[in-house]
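K.L.:
Taking the hints into account, I'd like the entire structure generated from these sequences.
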Amino acid sequence: MISCPNCGRSNPDGNRFCNECGARLGRPVPCPNCGYENLSTSRFCGYCGTRLSSPPAASTETPPLSALTPSSDTAQPQAVSPVEASGEAPWQGEEASSALVSDGPMVSAELATPETTEEPAKVEPEAHFEPAVAESADLLFPHAGASEPTAESNDTAIEPSEAEVNAPNVETEPSSDGVDLAWFESGPVASAEAPSTVPDLGAGSATEGEEASALPDLDWLEEVTSRVAGEASEPATTEPVAVELPPAAMGSLTMEIGKDEGGDSPDEANAAATLEPPSIAALPSTADLQSARLLGSQTLVPSVAMSDEGWGLALAASFRTRRSRGRREPSPSVPPSAGSLFEKLLRSPSAPRGQSGSQRSIWRRLVAPFLNLGLLAALLIPFFIPLAGGNEVAASTSALSFYRTIEALPAGSAVVVSYDWDAATLGEMEPLSRAITTHLLRKQARLIYVSLVPQGPAFAQRILSEVEGGESYRYGENYVNLGYLSGNESALVSLASGFARAFPRDYLDRPTSDLPLLKRAPSLREVALVVEISADDGHVVQWIQQVQSRYGTRMLGVTSMTAAPSLSPYYTGDHPQLSGFLAGTLGASEYASLLSQKPRYLQIGAQALSIGIAFLIAVIVLGNVVWIVERMTRRNRGEGNA
Amino acid sequence: MPSSFLSPETVGVSLAAILTLIVFSYLWRDNAAYRLAEHVFVGTTIGYVFVMAYHQVLYPKLVGPGLAGGWSDPRIAVPAFLGLSLLLRRVGPLRWLGNWGVAFVIGAGSALALAGAVAGTLLPQAQAAAVPLRPGVGGDWAAVVGNAVLVVGVLATLSYFYFTGSKRKVEGKLLEVGGSVGKWMMMVAFGALFASLAISRLSLLLGRLNFLLGDWLGIIR
Numbered sequence: 001m002i003s004c005p006n007c008g009r010s011n012p013d014g015n016r017f018c019n020e021c022g023a024r025l026g027r028p029v030p031c032p033n034c035g036y037e038n039l040s041t042s043r044f045c046g047y048c049g050t051r052l053s054s055p056p057a058a059s060t061e062t063p064p065l066s067a068l069t070p071s072s073d074t075a076q077p078q079a080v081s082p083v084e085a086s087g088e089a090p091w092q093g094e095e096a097s098s099a100l101v102s103d104g105p106m107v108s109a110e111l112a113t114p115e116t117t118e119e120p121a122k123v124e125p126e127a128h129f130e131p132a133v134a135e136s137a138d139l140l141f142p143h144a145g146a147s148e149p150t151a152e153s154n155d156t157a158i159e160p161s162e163a164e165v166n167a168p169n170v171e172t173e174p175s176s177d178g179v180d181l182a183w184f185e186s187g188p189v190a191s192a193e194a195p196s197t198v199p200d201l202g203a204g205s206a207t208e209g210e211e212a213s214a215l216p217d218l219d220w221l222e223e224v225t226s227r228v229a230g231e232a233s234e235p236a237t238t239e240p241v242a243v244e245l246p247p248a249a250m251g252s253l254t255m256e257i258g259k260d261e262g263g264d265s266p267d268e269a270n271a272a273a274t275l276e277p278p279s280i281a282a283l284p285s286t287a288d289l290q291s292a293r294l295l296g297s298q299t300l301v302p303s304v305a306m307s308d309e310g311w312g313l314a315l316a317a318s319f320r321t322r323r324s325r326g327r328r329e330p331s332p333s334v335p336p337s338a339g340s341l342f343e344k345l346l347r348s349p350s351a352p353r354g355q356s357g358s359q360r361s362i363w364r365r366l367v368a369p370f371l372n373l374g375l376l377a378a379l380l381i382p383f384f385i386p387l388a389g390g391n392e393v394a395a396s397t398s399a400l401s402f403y404r405t406i407e408a409l410p411a412g413s414a415v416v417v418s419y420d421w422d423a424a425t426l427g428e429m430e431p432l433s434r435a436i437t438t439h440l441l442r443k444q445a446r447l448i449y450v451s452l453v454p455q456g457p458a459f460a461q462r463i464l465s466e467v468e469g470g471e472s473y474r475y476g477e478n479y480v481n482l483g484y485l486s487g488n489e490s491a492l493v494s495l496a497s498g499f500a501r502a503f504p505r506d507y508l509d510r511p512t513s514d515l516p517l518l519k520r521a522p523s524l525r526e527v528a529l530v531v532e533i534s535a536d537d538g539h540v541v542q543w544i545q546q547v548q549s550r551y552g553t554r555m556l557g558v559t560s561m562t563a564a565p566s567l568s569p570y571y572t573g574d575h576p577q578l579s580g581f582l583a584g585t586l587g588a589s590e591y592a593s594l595l596s597q598k599p600r601y602l603q604i605g606a607q608a609l610s611i612g613i614a615f616l617i618a619v620i621v622l623g624n625v626v627w628i629v630e631r632m633t634r635r636n637r638g639e640g641n642a
Numbered sequence: 001m002p003s004s005f006l007s008p009e010t011v012g013v014s015l016a017a018i019l020t021l022i023v024f025s026y027l028w029r030d031n032a033a034y035r036l037a038e039h040v041f042v043g044t045t046i047g048y049v050f051v052m053a054y055h056q057v058l059y060p061k062l063v064g065p066g067l068a069g070g071w072s073d074p075r076i077a078v079p080a081f082l083g084l085s086l087l088l089r090r091v092g093p094l095r096w097l098g099n100w101g102v103a104f105v106i107g108a109g110s111a112l113a114l115a116g117a118v119a120g121t122l123l124p125q126a127q128a129a130a131v132p133l134r135p136g137v138g139g140d141w142a143a144v145v146g147n148a149v150l151v152v153g154v155l156a157t158l159s160y161f162y163f164t165g166s167k168r169k170v171e172g173k174l175l176e177v178g179g180s181v182g183k184w185m186m187m188v189a190f191g192a193l194f195a196s197l198a199i200s201r202l203s204l205l206l207g208r209l210n211f212l213l214g215d216w217l218g219i220i221r
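Chains as they are written, first to last, in my numbering: chain F, 1 to 642; chain E, 1 to 221.
Possibly wrong hints are sitting among the right ones.
[Stated by the list, open to error] Derived CB-CB ranges, DEER-like:
id	chain 1	residue 1	chain 2	residue 2	range
1	F	Leu366	E	Asn99	48 to 58 Å
2	F	Glu477	E	Gly92	51 to 61 Å
3	F	Cys34	E	Phe81	58 to 68 Å
4	E	Val11	F	Arg510	23 to 33 Å
5	F	Gly538	E	Trp28	32 to 42 Å
6	E	Leu27	F	Ile620	18 to 28 Å
7	F	Ala618	E	Ala53	41 to 51 Å
8	F	Asn624	E	Val118	39 to 49 Å
9	F	Leu373	E	Asp30	14 to 24 Å
10	E	Tyr162	F	Ile620	26 to 36 Å
11	E	Tyr162	F	Leu373	42 to 52 Å
Quick caveat, the hints were computed from the structure, so don't treat them as lab data.
In this text, a Cβ means the ideal position worked out from N, Cα and C, and glycines have one as well.
P.N.:
Here is the structure:
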């Protein structure tokens, strides 16, 4: 799955656009070390930790950059290069190449002539990244005696410095990145060209008299490489020198920024981009680079509207990536805010086709309020508009069984009623509790109220006082409210030992041993029926497991609609553990119909519930239809663009 | 109708209605008033629970008998120690004492739950799943089909949770097929659970609307 960089939704492999927001998705980037396919926005491999770089494989024709290493004697930067003094382009002729010493870290190499070199650096270029670096380096550091870079001249023209060879972390043997960036430590390359012009590669493109322009100030990169090399280095203090690249002499240099397959917006960058933006007084302008191409496996996307800062960051990113490629740990000294502009630019997704991002977000913001208000309006209809139906609700089998169980009770039977619900479920449990209490009072049952939740006793007391016939019930003889019992299963087991032992004092703080009703029914064994009223299935199951299964007591269950599916197995079968079962507002309506009661709130409740459910069904169906249509539309668009 | 505008009943109903509307404001967005109502709800609940627990459980069963001279009674002293040990879990050096209380609670609760689950759920439900599949014995054809669906559903759902079957063997393949069927059965069950949950929440909303329009505004009776 590919994660969309815009909305984060997971998309199937192979998607080029996000199914949710239409943003362009990047292709998976294979790790150069293990081949694991990572997200296009990844900077490190998720399997082996290798830093990811630009993907395309490069040819081995161009020489490695490690050949362009400075000598140890040129650690100090020079303000003005001999090239500038001579008025020639730095990459023209041996003198120019040897004198190409810069003050900045990036172009600080002193290109030694073949006679002065000690030992050539034979670094085999990496498969897909080497040529770009090498060619980019040719931009800035032309080889001795060559106007166009060749493999032989590149091998012999630039030699590694002693410092570079002796550096502990610098790999002179074939390295994974093939790039030796110790020459960054020297100053920038002096240039006779203006700061904002493209570095000049070819002959005749140098312009005399132009002000010396400065290369980007890459002191930060010098710091990076010095730390990697294990030695501290002083930051460059000289001003950067610009290098100009004439468009005509760029040859086959190409630089690919991301993978844009003909789209109109840049894709996510594959190169590491957490870099500190350098001072870019002399970066090539975007206009110049539009017609130019840099060597190597990287291809310039003409439609990329890159600022000067962005180009500098891209170049610096490519160099730094090569330096650290092959290492499994990230560069420790790169500031986290570096390259934020570059990242932000390349991560900005393209707008979804056919609909702007702002329109889509407004629409999505309106969906939730629309649904809420629509549902509210649907539920309020029966409150203000009399509707037919709802007066008589056909009783279900479970409700009938419930009714018949209570109806079969002898008058004066002791019934335990457990109020195990709280105020949060008042709307659903109160109608049920009223209906059941009304029926029990009609049968003149003696009620023993218990509760496994703290709020239960108060509701029991209130409902008994409000139902018809409740005012005639005398406390202690017709009913008792034992109150709250903590402990769930252990509390239920203790009821078997006697109510007075489990409840030394009742809800009204009276001693339970003095209550006449408890003398007639001292424990669960003398009780004819247990009615468990609970909003969740947990308490009902506890009563079943600890009381009904142990003592065989007849039991009725009352719950909310949430718990109804979970408790139905206890009601069904040849030997059900629940003799009857009621659930939710519909159960209350059914029972009220059986009691020949027509409370208005139950009638309205049943009608409103039906309308609300119909509204939800319509919304769900409509939502699925819209989703399917959108998905088909996106697929057709994707196929049309293929 | 309340006789006085400032009667406790009127104030209580009005306060409850205002808090209800404040909680509904969350549908617009999270706001300070909603946070206030939420804190009031939580605080009130906790306060009420604490008072009930003390007056209904702690005082009549522990504090009262202890103060009456029963601290030496093991039936008072041991529960008191175990209860206090739970509080000591917040005290660094004495935290180990809390392990006794926790062990007792978990041990006793687990034993009761396990025994009850086996005797109250596992065995009865297994017995209930053994239904006849022969017409006539199991009832009419509709009942037989229902029984068959029940048996297939139970077996398929159980096979979904059997993870150690080798797929190369016949029994492993059968388990895989049964597991696929069981997965669909469970999806149907979860769909029913979700639908019941939605109905339950609608009922709660209707209860609040009935309160606002009836008890508070008096629009409906």
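K.L.:
Does each hint hold? Answer for all of them.
P.N.:
Do the hints match the structure? See the list:
1. Hint check: Leu366(F) to Asn99(E), Cβ distance near 55 Å, so the stated range 48 to 58 Å holds.
2. For Glu477(F) and Gly92(E), the Cβ-Cβ distance of about 55 Å falls inside the hinted range of 51 to 61 Å, so the restraint holds.
3. Checked against the hint of 58 to 68 Å, the pair Cys34(F) and Phe81(E) passes, with Cβ atoms roughly 60 Å apart.
4. Taking 23 to 33 Å as the suggested C-beta distance range, the pair Val11(E) and Arg510(F) conforms, at roughly 30 Å.
5. Judged by the Cβ atoms, the range 32 to 42 Å given for Gly538(F) and Trp28(E) holds: they are separated by roughly 34 Å.
6. In this structure the supplied range 18 to 28 Å holds for Leu27(E) paired with Ile620(F), their Cβ-Cβ distance being about 19 Å.
7. Here the CB-CB span from Ala618(F) to Ala53(E) is close to 46 Å, well matched to the stated 41 to 51 Å.
8. A hinted range of 39 to 49 Å holds for the C-beta pair Asn624(F) and Val118(E), which are about 43 Å apart.
9. Between Leu373(F) and Asp30(E) the C-beta distance comes to about 19 Å, which sits within the given range of 14 to 24 Å.
10. Hint check: Tyr162(E) to Ile620(F), Cβ distance near 34 Å, so the stated range 26 to 36 Å holds.
11. A beta carbon spacing of about 48 Å between Tyr162(E) and Leu373(F) agrees with the range 42 to 52 Å that was offered as a hint.
Violated hints for the displayed structure: none, as all numbered hints are satisfied.
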